[in-house]
Amino acid sequence: MSYMIQNRRAMARVLPQAFEDYAIHSIADAPTEMLEVLRSFARESDPTVVLLSSGQGSAAYSEHSFLARRMGIPLVQGGDLLVLNDCVYLKTVTGLERVEVIYSRISDTWLDPLVFHRDSLLGVPGLVQCIRQGTVAVINAVGSQLVDDRALLPFAPTLIRYYLGESPILDELETYWLGDLDQREVVLNDLAKFIVRPLYGERILSPDEREPFDARKERALRREILANPAGFVAQPRGSSALTLCFESGKPRTRHQDHIVFALSRGGDDCLVFPGALTRVAEEGSFFTASELGGGSKDTWVEIEPGEEAGSAPRLVRDAHPPSRHVTSRVAEAFYWTGRYLERARSLASMIAVIEALETEELNPTERTLYRPVWNRMLPPLEGRHAARQSISSPAGRYRLTFDVADSGSVVSAAQRATWNAESIQECLSNEAWSTLSRLRSLFDKPRRRAEQAESRQAALTRRACEHASELVAQFFGVAQTTMIADGGWRFCEIGQRIERAVITANALASTTRSLVRSSGPAREHAREIQLSAILRLLGCRDVYRRVYQMRIEAGPVLQMLWQNPMVPRSVNRCLSHCLDMLVRSQPESSHGFQRTVAGIEALRDELLQTDWDQLADAEVEKSGRVAISQSELVTRIDHMLERTLDIHHLISDGFLNHQIHMREADQPLLIGFQG
Amino acid sequence: MRFEITHSTDYRYQGSAIEAYLEARLTPPDTATQRVLSHRIEIVPDLPTSFYTDTFGNPVAFFSHTLRHERLAILNRLVVETQPPQLPAEALEVTVAEARQLFSSVLLDYFDYLQPTTNVPVGGKATAWCGSICSLG
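Residue numbers (this note's numbering), protein chains in the order written: chain E, 557 to 1231; chain S, 79 to 215.
Derived from the structure by calculation, the hints contain no laboratory data. Some hints could be false.
What the hints assert, rightly or not - Distance ranges between label pairs, derived from CB positions:
id, chain 1, residue 1, chain 2, residue 2, range
1, E, GLY787, S, ARG103, 27 to 37 Å
2, S, PRO194, E, GLN612, 28 to 38 Å
3, S, ALA169, E, GLY787, 34 to 44 Å
Stated by the list, open to error - From the structure, some residues in chain S lie toward chain E, with a derived Cβ separation under 8 Å:
id, residue
4, TYR91
5, ALA95
6, ILE96
7, GLU97
8, TYR99
9, GLU101
10, SER128
11, TYR130
12, SER142
13, THR144
All of these numbers come straight from a predicted model, not from anything done at the bench. Glycine residues also receive a C-beta, built at the ideal position from the N, C-alpha and C atoms.
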């Protein structure tokens, strides 16, 4: 339907003078009319109506997106909806919102995995039960796609007479259903005279006018029909509509078809939109569908003399502004885009720093002390038992940059970020998306060649890593400049800061043990080298100098990276930024909101109240005589890391998967079992 | 005969599941040869359940669990009383040819039951077993 409207708009823009001499009916109002009808199916006076799409994989996605925008209703996918107590809810970051009407644009067979295709990921499990209970209206009704069945065409006049008590005005298209033995015989005896098509869809089995119908083609066609005759119909060649097109000034004949749109407003009240989607095939082709080479054009219905032009186009009423609610799926995709981008950036800058350090003149002591730090500090891997390969060699770092099979590599993190962003591409600005495309193309070409010389590998690694970390930073800058700072985008920044806090906390936790081992005044130099390595990898050595203007010592380093309110890498600063983002995105407070904010504030208070300086000094005085398991510093940092990791669950439960909204905040989330 | 039946299903997931949707066909219908005296489906954790009757006349329980969980248990307890079927003696007097005629006249009523399903495809073990007993004209 969007093509019908878009064709009219294009026509009016390109050939405005064409409209001067004719009075034609307007179709600009069609989406509003449709919304009115959709709303009328709800019991509530102000229902939530959504358009259910199969997502970007669908060829008609632009149509879904256009219609949703013009009707001002949320464009959702199966995963956005949830069935609870026989009602359908939309998962939004502000909570669950009851849905009364669903305008479904996915095939019935994928609508509910409990009833239809079990492996459907597009549908909503339990939806059909809600339809049975009458708590939701799905339009068009389940089963109505039956009318697309071409085998019903021969019966159209009978159906019209029986159900409507009227005689059809137009003749039906002569159609043979090949499941019937007699009809099949007629068609198979003279196959060249027919066009054979499946019962559903745009496919045409018969060769078109551009190719000869030879014996080989006929045999193949016959074989395909006989394998499943009931799945096909045949229509005589020459029965499809023709139109005249001008190409290079010459008239040419083309096949065309019209798709007419109508709204049933209950009972006999039917509204046929005064226009059509007219699809035109390429020369000599039968295919009018756009995915098979067809084009489309504007179609007019003239206003007859004395006929009323119909009401003037109305505007969508102010009472129904477009939904402000950001769905949880969109927020989640933004969140993971942020997390993976930050992971890619942190890892890439660490690798770039290591490559740079390798070319510097490090003395053997520095080298031995630096290397263990590198391996420990990299961002944590998913999965508790995942082990990272050593990155002490150029080949190891090359792998960690370019190996798609390694889930902890820069390329994997960048890929996951772009996959998440791709699923919400319509929410990103073009500028932000093009920055991400550049990040993706950075790793597009398969560059992993084992035989490459180490020096060549090191150069490639360093260049790609430097470039990647720049592009990620650029993405956030570009996005902040060009995008609406709505609830969705904020989750990208929240994801970025959570990831950064986790990486900082993990870097500190994983290096503290070796710091404790090298405690005592005698090992002061070794400790300083290790601390310097940590700061360099986290990109904070200059920041440290600016903040403290003194030698690198454990107390101040810990203090800066946990508590400092200005240092971008500090956990405190990351958490404060998340709090800012949450408070701004949540005007009204929900359970999830309160719980998350309280959790982040409690963690921030705890890390601010910890006297890191004193804890670190205590370790130095012990001079490594105390077992690691008894070190108060190690216990404290491990605990803080766990708590930082837990923030993810708070955010995820509170906004993304709705574990909070359905329960009182004080109840445990994991339901206990008795017996 | 009276049967006391307990049927339990216990799902334990390796990780935690966030959403679960189930349709339980655990309620036998009352027929000429069986009567359900008592019946209760318990779900742990306790979840609101709704019912509908499917196209074959089976009562179906539907419930959704939308909170994180690692276990889900369904316990079905029922007491059923059965009676031996009373076979119409006059049916034995009908010839096979006549029976076929009668059967084809009511075929439409049984159409849904005769369709192949994923679990019972045409040409599978069930078809072979049928073929060993009677030849389907």
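* Asked: Among the hints numbered above, which are violated by the structure, and what are their numbers in rising order?
  -> 4, 5
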